[in-house]
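Throw the hints in and build the complete structure from the sequences for me.
Going down the list, the sequences are from chains Y and P.
Numbering of the first sequence is given in this note's numbering, commencing with residue 342 and proceeding in unit increments.
Numbering of the second sequence is given in this note's numbering, commencing with residue 12 and proceeding in unit increments.
Hint data in this document are derived by calculation from the structure and do not stem from the laboratory.
Here a beta-carbon is modelled for each residue, glycine too, at the ideal position from N, C-alpha and C.
Careful, some of the hints might be misleading.
[Stated by the list, open to error] Using C-beta positions, here's what the derived DEER-type ranges look like:
hint	chain 1	residue 1	chain 2	residue 2	range
1	P	180	Y	514	34 to 40 Å
2	P	363	Y	458	44 to 50 Å
3	P	234	Y	458	56 to 62 Å
4	Y	566	P	186	52 to 58 Å
5	Y	566	P	63	35 to 41 Å
6	Y	546	P	176	27 to 33 Å
7	P	62	Y	520	56 to 62 Å
8	Y	413	P	461	19 to 25 Å
9	P	84	Y	520	46 to 52 Å
10	P	363	Y	386	24 to 30 Å
11	P	151	Y	520	42 to 48 Å
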Amino acid sequence: MSLPGLLLAAAAAFTAPAALAAPFEDTIAQRTMACTACHGPQGRAAPDGYYPRLAGKPVGYLYNQLLNFRDGRRHYGLMTQLLDPLSDAYLMEIAQYFSALEVPYPAPLPAGSAELVRRGRELVMNGNPAQKLPACVQCHGQAMTGVAPNIPGLLGLPRDYLNAQLGAWRDGQRRAHAPDCMADVIKRLSSDDINAIGTWLAAQPLPADTHPAATLPAPAPGYVNLPCGSAPLAGQAKAGTTAAPGGTR
Amino acid sequence: MSALRKPGRFKVAVLVLASVLAVLAALVWFLNTRGEVDVINASMPAAPADQTLVERGAYLARAGNCAGCHTARGGEAYAGGLGIGTPFGTVFTSNLTPDKATGIGDWTPAHFWRAMHNGRSKDGRLLYPAFPYTSYTKVTREDSDAIYAFLQSQPAVVQPNREHGVGFPYNSQAALAVWRALYFRPGTFQPTDSRNAEWNRGAYLVQGLGHCAACHSARNALGATTTGLGLAGGLIPMQNWYAPSLASPDEAGVGHWSRAEVVSLLKTGVSPRASVTGPMAEVVLRSTQYLNDADLDAMAQYLQALPGMRSETDEPDNASVAARVPTTTLPPKSGTQPPGAGEGSVGGKLYAQHCAQCHGDNGQGVPNAYPALAGNRAVTMANSANLVQIVLNGGYAPATAGNPRPFGMPPFVLVLNDQEVATLLTYVRQSWGNRAEAVTQFEVHHVKTGSSSQR
Chain Y
342 MSLPGLLLAA AAAFTAPAAL AAPFEDTIAQ RTMACTACHG PQGRAAPDGY YPRLAGKPVG
402 YLYNQLLNFR DGRRHYGLMT QLLDPLSDAY LMEIAQYFSA LEVPYPAPLP AGSAELVRRG
462 RELVMNGNPA QKLPACVQCH GQAMTGVAPN IPGLLGLPRD YLNAQLGAWR DGQRRAHAPD
522 CMADVIKRLS SDDINAIGTW LAAQPLPADT HPAATLPAPA PGYVNLPCGS APLAGQAKAG
582 TTAAPGGTR
Chain P
12 MSALRKPGRF KVAVLVLASV LAVLAALVWF LNTRGEVDVI NASMPAAPAD QTLVERGAYL
72 ARAGNCAGCH TARGGEAYAG GLGIGTPFGT VFTSNLTPDK ATGIGDWTPA HFWRAMHNGR
132 SKDGRLLYPA FPYTSYTKVT REDSDAIYAF LQSQPAVVQP NREHGVGFPY NSQAALAVWR
192 ALYFRPGTFQ PTDSRNAEWN RGAYLVQGLG HCAACHSARN ALGATTTGLG LAGGLIPMQN
252 WYAPSLASPD EAGVGHWSRA EVVSLLKTGV SPRASVTGPM AEVVLRSTQY LNDADLDAMA
312 QYLQALPGMR SETDEPDNAS VAARVPTTTL PPKSGTQPPG AGEGSVGGKL YAQHCAQCHG
372 DNGQGVPNAY PALAGNRAVT MANSANLVQI VLNGGYAPAT AGNPRPFGMP PFVLVLNDQE
432 VATLLTYVRQ SWGNRAEAVT QFEVHHVKTG SSSQR
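Put into structure tokens, the structure is as follows:
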């Protein structure tokens, strides 16, 4: 084996996803190797952006994202092409598989300026009553680990990815099922707000229990009524719009 | 003294030219309207369609895969709005729901039949052949009426048709008329007496509602399928996928398969010797998986009887692959290893690192999960576009009723550069008994940067 060949192989090994040496199994894990090749076990940074963590996310949230990519509410060509040939029932099974995975979270990255962190914490925990901006915890759970089945946790994600998703919502590049409550929320955030929120979130360690909460938190002062839409989960009757988080309308 | 200075001659020349143009225009008009459906006395059906007719129409609409084009991504069924990319611009599909203002709610069965059979809309406009009436013209009046009844039974959706993105001169009715005069002959399917009923049913489905020739035949510079060559394969415009020849045993000809294997491929998307991916996965997912066994059998019989071209190799696909010496396109120089050959080469190393865990150290694959690469016609056929697409973008087989939980392949576009993809594919195409041309970096780049359809 020549030296250039050896160096090339070594370089390829460091830049490529780890090749699993496990034997073939007739399991959903084997079937979703097409997903984990990019998303990795804990999410992975890539040349064209960040592929977020799938393990432990609420099942309804994962299912809705798969539908969003397939139906054009989120835009990423490789995802769309992979999902096009698949059925709703199979997408649901894939969502259930990743939702149930237990994978440890990596340590959080150090945060930026103290002012940014303080402002981010204020917005996440208390919102901004003057702007009628609800606190993030109102929907995403007091521990920010999400609420089953449809609301994702926001910890363990890099700041740039969080900023990019909020920015995409603001520009209309990312949409959720109508009524799109996140689009509503984003209108009340400035760019600095977005950066502060992303900075603070990315710096937070995960709590001991990383699972999504079973129910929404009780309405707190500053509660804002926000109807949110999502697709009915495959196999269930048509759900339509869910009740406003935090209580009945 | 120039002849043009004599006004008489000039006038004659103009008159002759005008007459020739007039004759040509008349010919074009004649070819476009000859035998066209009469809609002067068209009327709406007297009574609502009975359920049997609607169900038959639903089945036929599946066979024709109407929803595949007439439903936008994430849109309402049959409400149109999907952009079909063509070399002449983007054509947007129309609303087929029974809304009276924006759909076909006030179309009569005769109008619908004229659109299917003659490619003319209710308002008299000629339709772009992106709507494959060049195939649908073969559909019978009864089947057209059934599809009409089914569409009229769908929920009405208010969605105005989008304006097409086709530029001058292709967007003019005159240009369409000339194209149709040259390339379109309306006519219902005529059975071949020397063939049995099953073959004729298969021919009717493949040539008509199946519109297989729309992809599996080559198109000329004006976008017309050169039907004289049968289903001899074609590059799908704008998508950089190659629809292989259904006649050639070196590509996707199925003459040497069992009938059951052909039916399995169309019904489930997988079969012992091949599986579908890319645009064909969509066809199986939305259309052929819903056809009944008798119709699939008939289509299989027709496809298996297609006149085939002589094989360029003397080995049938999936021949047993005992250890063979890999072949190369270049004679090896003494002391150097030919590119792409042998496991120690760059291609071999890339294969071992990225591919072998699923496709096997010897390209043997895993039955019903990962296709074998050794002896696989999709690997060795001359056109390498599909191979490049699959390696760059990955893919799943369609999740059909018969194969509801398919296995998938990840994308490698962000892991391998163009040269690595070319080297890897050359290795795969020339190992384990495979004998095919090398793949170049240029081919990979061309597929990667080719424009795709709006979908």
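*Please flag the earlier hints that this structure goes against, numbers listed from lowest up.*
Numbers 5, 6, 7 and 9 - these are the hints that the structure violates, sorted from lowest upward.
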